[in-house]
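So the chains spell out like this:
Protein chains: 2
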Amino acid sequence: MSTDRRRPGRRPGAADTRGEILTAARRVFSEKGFDKATVRGIAREAQVDPALVHHYFETKEGMFAAAMELPINPQQILPVLLEGPREEVGERLVRLLLRLTAEEKTRAPMLALLRSAVSNEQAVGMIREFFTSALIFQVADRLGVPHLRIEAAFAQMLGVVMARYVLKLEPLASASHDELVEILAPTIQRYFTG
Amino acid sequence: MSTDRRRPGRRPGAADTRGEILTAARRVFSEKGFDKATVRGIAREAQVDPALVHHYFETKEGMFAAAMELPINPQQILPVLLEGPREEVGERLVRLLLRLTAEEKTRAPMLALLRSAVSNEQAVGMIREFFTSALIFQVADRLGVPHLRIEAAFAQMLGVVMARYVLKLEPLASASHDELVEILAPTIQRYFTG
Numbered sequence: 003m004s005t006d007r008r009r010p011g012r013r014p015g016a017a018d019t020r021g022e023i024l025t026a027a028r029r030v031f032s033e034k035g036f037d038k039a040t041v042r043g044i045a046r047e048a049q050v051d052p053a054l055v056h057h058y059f060e061t062k063e064g065m066f067a068a069a070m071e072l073p074i075n076p077q078q079i080l081p082v083l084l085e086g087p088r089e090e091v092g093e094r095l096v097r098l099l100l101r102l103t104a105e106e107k108t109r110a111p112m113l114a115l116l117r118s119a120v121s122n123e124q125a126v127g128m129i130r131e132f133f134t135s136a137l138i139f140q141v142a143d144r145l146g147v148p149h150l151r152i153e154a155a156f157a158q159m160l161g162v163v164m165a166r167y168v169l170k171l172e173p174l175a176s177a178s179h180d181e182l183v184e185i186l187a188p189t190i191q192r193y194f195t196g
Numbered sequence: 003m004s005t006d007r008r009r010p011g012r013r014p015g016a017a018d019t020r021g022e023i024l025t026a027a028r029r030v031f032s033e034k035g036f037d038k039a040t041v042r043g044i045a046r047e048a049q050v051d052p053a054l055v056h057h058y059f060e061t062k063e064g065m066f067a068a069a070m071e072l073p074i075n076p077q078q079i080l081p082v083l084l085e086g087p088r089e090e091v092g093e094r095l096v097r098l099l100l101r102l103t104a105e106e107k108t109r110a111p112m113l114a115l116l117r118s119a120v121s122n123e124q125a126v127g128m129i130r131e132f133f134t135s136a137l138i139f140q141v142a143d144r145l146g147v148p149h150l151r152i153e154a155a156f157a158q159m160l161g162v163v164m165a166r167y168v169l170k171l172e173p174l175a176s177a178s179h180d181e182l183v184e185i186l187a188p189t190i191q192r193y194f195t196g
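Line order of the protein sequences matches chains A and B. Quick note: to get our numbering, add 2 to the position in the first sequence (first position is 1). Quick note: to get our numbering, add 2 to the position in the second sequence (first position is 1).
It is worth saying that the hints were derived from the structure and are not from the lab. It is possible that some hints are incorrect.
In this list, chains with the same sequence are indistinguishable; a pair is considered to hold if it fits within one copy or across any two.
No more than 25 Å apart at the CA atoms, straight line, and that leaves these computed lysine to any residue pairs for SDA-like [what the hints assert, rightly or not]: (1) K107 <-> T40; (2) K107 <-> T25; (3) K34 <-> H179; (4) K107 <-> S118; (5) K107 <-> R144; (6) K38 <-> L100; (7) K170 <-> N122; (8) K38 <-> K170; (9) K170 <-> Q124.
Chain A with its partners taken away, still in its complex shape (with noise of 0.2 Å):
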């Protein structure tokens, strides 16, 4: 596709280079996944230096988390996981991931990715190399935990989140993070430390 035809009117640093930069990481990200996408490939489809990209989102997954708009970025979340005393991650994920999904803003857009998940056969495959690739091996690999282990403290704080904000299943609705931390954080330890 020519370049002139499809930005007729562009003029260098515009003020909406960022946002052009994530319609193509969407674009991008839908059509090739997350692994797949390069930070290269998508400054070209914005017609953006490579080098703007770092500049506005450093990494990948901080572009994924803000083209997603999704409130977190799992840069943000591995130093909660992997810093502080190895026998109380399960505690730490459990109070981190309550005190996320409590907020409205940040929720709602989790809830969205959630949605799309289970209605999109191709927001899946997006949505399913970002958690491993930018999440879950990430953790496993640095506290050396098989994959499936952590896998299974993901499905299960996965489904805590459904129960709680989809399903709104009682008591587990209304309970208070103290409760869940009680119940929950000893299988996510057990997970993360065998």
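Could you slot chain B onto chain A? The hints should help.
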């Protein structure tokens, strides 16, 4: 609404009485929810004798399962969970769910129900009431386990089904039943027996 206007040519004992009861059931369940719907109300809606509804479906749970085309009836699951040694309930539940979801013909309607729950506010209420009244609270009360713990177990298995068959996360999606039992059964067991 006038009976005559709605079903002009209906004869008593018409061939598809069962189908008409199911159509009426779907309408009543979605209007009133599972808890408030009654066999009597559904019989009235279908213009049949309540005894006929009992004849075809035995219970309200059975009628719901048939109306929603669920491949399983909670009345069949409960004995599996409640019979046999208490210290093996975790393994029994995990194996039962893996077996049920392994077959396309039982898995498809379960995933369809999950999709409705995620995308349809009205369906959520109906599904929530059915799961809690017909399954979760029954198990919890008969085994004397707090509802919250049974829901945590339910959330674990819901998340596993989502991760395995919707997100298709590897290695979880390809893991054998034995591998999954080894990792998940202790979690479920802990929720059931503390």
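key: Hints the structure fails to honour   = Hints 1, 3, 5, 6 are the ones this structure does not satisfy, whereas the remaining hints hold.
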